[in-house]
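Peer 1: Full structure from sequences and hints, please.
Residue numbers (the working numbering), protein chains in the order written: chain A, 1 to 558; chain B, 1 to 106.
Take these hints with a grain of salt, some might be off.
[What the hints assert, rightly or not] Here are the simulated lysine-lysine pairs, BS3-like style, with alpha carbons at most 30 angstroms apart:
id, chain 1, residue 1, chain 2, residue 2
1, B, K101, A, K297
2, A, K151, A, K536
3, A, K79, B, K101
4, B, K10, A, K66
5, A, K151, B, K10
6, B, K18, B, K101
7, B, K101, A, K536
8, A, K398, A, K267
9, A, K300, B, K101
10, A, K412, B, K10
11, A, K152, A, K267
12, A, K297, A, K412
13, A, K343, A, K152
14, B, K10, A, K536
15, A, K251, A, K152
16, A, K343, A, K79
17, B, K10, A, K300
18, B, K18, A, K536
19, A, K267, A, K343
20, A, K300, B, K18
Just so you know, the hints here were simulated from the structure itself, not pulled from any lab data.
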Amino acid sequence: MNKVIMSFLTAALLNIAFIGPSFAAGGAMIEGPVEKQPLNMGAITIFFIFVMVTLGITWWAARNTKTKNDFYAAGGGIKPWQNGTAIAGDFMSAATFLGITGAIYGFGFDALILAVGVMAAWPVILFLIAERLRNLGSYTFIDVVSYRLEKKPIRIVSAIGSLSVVVFYLIAQMVGAGKLIQLLFGLDYIYAVILVSFLMICYVSFGGMLATTWVQLIKAILLLIGGSFIAFMVVKSFHFNFEAIFASAAKIHPKGTAILAPGLWLKDPISIISVGLTMMFGIMGLPHILMRFFTVKDAKDARKSVFVATSLMGYFYILIIIIGFGAVTFVMGNPDYHDGAGKILGGGNMVALHLTHYMGGNFMLGFMSAVAFATILAVVAGLTLAGAATIAHDLYAKTFSQGPVTNAQEMKVSRIATFALGAVAVVLGIAFENQNVAFVAALALAIAASVNFPILIMSMYWRNMTTKGAIAGGVTGLVLSIGLIILSPSVWVSVFGYAEPLFPQIYPTFYSMPLAFAAIWLFSVLDNSPRAEQEKALFDEQLVRSETGIGISGTSKH
Amino acid sequence: MPLSGTETEKCLHHPQFKQLIRARGRFSLVFSLMILLSYGLYVLGMCFAPTAMAQPFEEGGSMTYGILMAVGVILWGMICSGIYSWWANRHFEAIKHALLKDLGYE
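Peer 2: If you want it as structure tokens, here you go:
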């Protein structure tokens with residue numbers, strides 16, 4: 001049971017809560033083949049309108065996307081409120097709404113760490129990372145890491161870290177998308193995966209960052225409206241008495257008051273700390289999130305956008321807490337949402353949508369189903385853009401090309417990369433259809449926390465980091481996070497079928513992240529080469545630029 | 001565009017640059033510690049004091065200390081980012097612009 005709970009929450013964590021083994025509170029999760037639903041016309045109509053509007057925006061964005069600076073960073077002309085809403089949109093995903101709600105419904109308090117971890121990460125990104133990132137980089141976080149280090153090796157190592165996160169995250173999203181669409185709209189899995197990939201390629205390859213930001217922005221606003229409505233209805237049903245929501249949940253839930261306290265999911269301190277570290281520091285290493293800081297004109301706007309993002313996310317997570325505990329009262333034990341055997345219809349991830357239906361009827365259900373689909377589109381578009389930027393900018397233009405690359409060449413490569421990533425997403429989405437991919441999600445965040453984050457933060461703040469140190473740290477983080485996850489319950493037991501895992505925790509971060517930092521330190525200190533001295537000396541220039549922004553690229557207006 | 005050595009030196013030893021570095025460094029460190037401390041308390045509380053977190057906030061009530069802490073960390077994050085970006089955008093930007101003007105970049 002513990003394993004079941006763990007993989008459920010792992011999945012919820014990375015927006016792929018639609019996959020995973022059966023759900024403890026009754027009802028099968030969407031694992032293996034799911035039953036195709038009859039066509040839901042209301043949801044399809046609303047989704048069709050969303051697609052039309054976003055394609056219109058893409059057409060407009062395409063006319064404003066002429067240079068690589070437009071493509072990767074929307075010309076640096078995004079306003080702080082727009083960027084902030086889009087950042088929040090990256091976290092207000094189908095999985096936050098469906099997955100965390102489902103996790104709270106099943107296990108209560110322990111699931112809250114998934115929301116709290118995000119809210120602890122963002123302020124620290126603001127205090128330590130946002131400003132320096134904006135001042136030092138142009139399109140990707142790898143620009144910042146390679147600022148004073150030897151370009152070629154460090155770009156390759158960071159690009160591997162960045163692309164691993166993008167690809168693992170994409171697999172998780174595609175499989176989740178296919179299952180969700182099958183369930184909500186009654187479309188075949190394979191068509192659903194192709195449709196998602198097709199729309200994503202349209203947004204990204206034509207509209208670049210400008211279209212991607214707008215798609216994310218519109219979706220975030222729709223989700224906030226829907227979520228506010230449901231949470232308001234829950235609070236209203238309890239006559240605006242918050243205490244009563246929890247009291248009623250504890251009375252109805254089979255675990256009783258245990259759902260209001262720690263212990264139902266995470267049993268030992270190392271697991272808890274590992275999840276805590278992965279949540280907080282993994283977010284600081286997500287390439288598609290870090291990329292958004294280059295879309296605003298300067299450090300001042302970067303700060304404003306984080307404030308907008310943090311406020312919207314905080315508000316949304318509080319709604320989720322109300323919705324999750326409220327769902328226990330209105331969905332659990334409601335025969336309308338359970339089959340004859342007492343299993344919840346559609347599995348644990350449908351809890352939020354059942355509550356939506358209970359509170360707002362068929363119209364609201366159609367609306368929120370369409371928004372859930374839109375959410376996946378927006379997130380995969382952002383991921384693909386980050387992947388394309390890494391391939392075209394970091395690898396092609398800055399590492400492997402002989403001689404200077406023109407704007408047109410780099411744009412062409414980034415569009416080819418977008419198509420390739422879209423195709424990879426379809427192929428892997430189909431290959432993993434009936435697999436348990438919960439581990440893929442854990443892997444993406446663990447790599448972000450153990451590879452990207454340590455290299456990034458040390459390159460910004462530690463004068464004595466050298467290329468050798470950064471590479472040693474990156475490789476250590478990468479090998480440990482992948483290796484330990486293979487030996488963990490979610491792969492060793494669930495995928496390979498061995499009885500006992502060789503590594504007991506689902507997250508390797510408790511070990512992999514500190515060891516990555518240790519390797520950076522050790523190999524930097526031991527590095528006495530002349531190259532290392534030069535890199536340390538360059539820190540002064542980097543410091544001046546990171547604090548003042550002298551020399552950063554200009555902006556364009558839209 | 002990389003900065004030349006003399007440009008870097010000139011800025012690095014400018015009193016206003018030193019002031020900016022010191023003020024901003026201290027400010028962001030204090031704020032980061034406040035967040036890390038609250039989140040750390042919450043995570044370590046789950047590890048080592050689960051029974052304390054399970055206690056209801058009011059006698060006979062259902063809202064536990066744990067839930068209040070979770071909501072507290074969320075609100076605390078919102079408040080700290082608000083204060084930081086408000087302060088930084090006024091205070092640090094002012095120092096920075098004075099510095100850039102003095103160095104002839106603006």
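Peer 1: Work down the list of hints and note, for each, if the structure agrees.
Peer 2: Going through the hints against the structure:
no. : hint              : result
1   : B:K101 <-> A:K297 : 19 angstroms, holds
2   : A:K151 <-> A:K536 : 15 angstroms, holds
3   : A:K79 <-> B:K101  : 25 angstroms, holds
4   : B:K10 <-> A:K66   : 37 angstroms, violated
5   : A:K151 <-> B:K10  : 27 angstroms, holds
6   : B:K18 <-> B:K101  : 16 angstroms, holds
7   : B:K101 <-> A:K536 : 28 angstroms, holds
8   : A:K398 <-> A:K267 : 46 angstroms, violated
9   : A:K300 <-> B:K101 : 17 angstroms, holds
10  : A:K412 <-> B:K10  : 41 angstroms, violated
11  : A:K152 <-> A:K267 : 44 angstroms, violated
12  : A:K297 <-> A:K412 : 25 angstroms, holds
13  : A:K343 <-> A:K152 : 55 angstroms, violated
14  : B:K10 <-> A:K536  : 18 angstroms, holds
15  : A:K251 <-> A:K152 : 60 angstroms, violated
16  : A:K343 <-> A:K79  : 47 angstroms, violated
17  : B:K10 <-> A:K300  : 24 angstroms, holds
18  : B:K18 <-> A:K536  : 19 angstroms, holds
19  : A:K267 <-> A:K343 : 26 angstroms, holds
20  : A:K300 <-> B:K18  : 19 angstroms, holds
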